[in-house]
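Undergrad: Those sequence lines, one after another, are chains A and B. Quick note on our numbering: the first sequence kicks off at 1 and runs consecutively. Quick note on our numbering: the second sequence kicks off at 1001 and runs consecutively.
Take the hints with a grain of salt, since some may be wrong.
Claimed, not checked - The calculated lysine to any residue pairs, modelled on SDA-like cross-linking and capped at a C-alpha distance of 20 Å, are:
1. A/LYS139 / B/LEU1012
2. A/LYS139 / B/ARG1090
3. A/LYS35 / B/SER1049
4. B/LYS1067 / A/ARG103
5. A/LYS35 / B/ARG1090
6. A/LYS139 / B/ALA1091
7. B/LYS1067 / A/LEU100
8. B/LYS1067 / A/ARG25
9. A/LYS35 / B/LEU1084
10. B/LYS1067 / A/GLY107
11. A/LYS139 / B/THR1052
12. A/LYS129 / B/SER1049
13. B/LYS1067 / B/THR1039
14. B/LYS1067 / A/GLU98
15. B/LYS1067 / A/GLU101
16. B/LYS1067 / A/ARG104
17. A/LYS139 / A/ALA126
18. A/LYS139 / A/ALA34
19. A/LYS35 / B/GLY1050
20. B/LYS1067 / A/GLU28
21. A/LYS35 / B/SER1083
22. A/LYS139 / B/SER1083
23. A/LYS35 / B/ARG1080
24. B/LYS1067 / A/ALA34
25. A/LYS139 / B/GLY1093
26. A/LYS35 / B/GLY1019
27. A/LYS35 / B/LYS1067
28. B/LYS1067 / A/VAL57
29. A/LYS35 / B/THR1039
30. A/LYS139 / A/GLU28
31. A/LYS35 / A/LYS139
32. B/LYS1067 / A/GLY106
33. B/LYS1067 / A/PRO99
34. A/LYS35 / B/GLY1093
35. A/LYS139 / B/VAL1085
36. A/LYS139 / B/LEU1084
37. A/LYS35 / B/ALA1091
38. A/LYS139 / B/GLU1086
39. A/LYS35 / B/VAL1085
No wet-lab data here; the hints were simulated from the structure.
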Amino acid sequence: MDEPLRLTLRSDAVDWPRVEETVVRYLESQRVPAKTTYGARVVVEEILMNSTRHGRVDGRPHEIRLEVRVALPEVALSFEDDGREFDPRMAPETSATEPLEARRPGGLGLKLVRAMANRFDYRRDADGKNRIEIRVSDKWGGAS
Amino acid sequence: MQLTVDDSVAGLTRVTLSGELDIAGVAAVSDSFTSNVVTRRQSAVVDLSGVTFVASLGMGLLVSTAKALLRFDKRLVLLRPQSLVESALRAAGLDTVLPIAADEAAAARLAGG
Chain A
1 MDEPLRLTLR SDAVDWPRVE ETVVRYLESQ RVPAKTTYGA RVVVEEILMN STRHGRVDGR
61 PHEIRLEVRV ALPEVALSFE DDGREFDPRM APETSATEPL EARRPGGLGL KLVRAMANRF
121 DYRRDADGKN RIEIRVSDKW GGAS
Chain B
1001 MQLTVDDSVA GLTRVTLSGE LDIAGVAAVS DSFTSNVVTR RQSAVVDLSG VTFVASLGMG
1061 LLVSTAKALL RFDKRLVLLR PQSLVESALR AAGLDTVLPI AADEAAAARL AGG
């Protein structure tokens, strides 16, 4: 197994196309199946977006560290930030039975993450950092 | 991310999206997509066959546009999404509010056109 991919980002200056392209290229270089790569990319986009939008403390930007490790059939995605405490597993998600006219913005992203994750862990450590670890494989969305 | 609009079928807006509907892709087409679809006040078929990636932001664009059309009693139908895109749409439960069609005839029927 090659070295993990590690990226350090500032919450107010995320170059989204570069981040996503870097993650996808790394996973492709590790011969990760397309479905697993798709799921991993969704998780990266959703968790980073969540952190950049909701993690600010007193309006200050914070640092986000992303690590991507491949241990097929899974990809492990670790996120660490020093933003405000937030357990994404507890956030409300859109109900699948809610009719279109009642739908509100938000809630879709974490619903997707939950649907794609084999494992979804969160902890707030004594050093004041949020740590999220999510494992993705090709099992999401039914048979691959 | 590219967007083209076809008005050749009376009473139906046909929009083709191609590329990646990621954060940058949504930013590139969001205004154009919404204005082209909603201002016509007619049902719309959105051809997704050229879209290789969509996550919640792109899905939110589809849902909010469909919701805006619903105010005029019109529908938005998704046409021919690629396999992984369709799996993602279903994983998010979008298939419960946005019909997904496998071909043009089914899309027109679902759109009520």
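Undergrad: Give me the numbers of the hints this structure contradicts, sorted from smallest to largest.
TA: 1, 8, 12, 17, 20, 24, 27, 28 and 29
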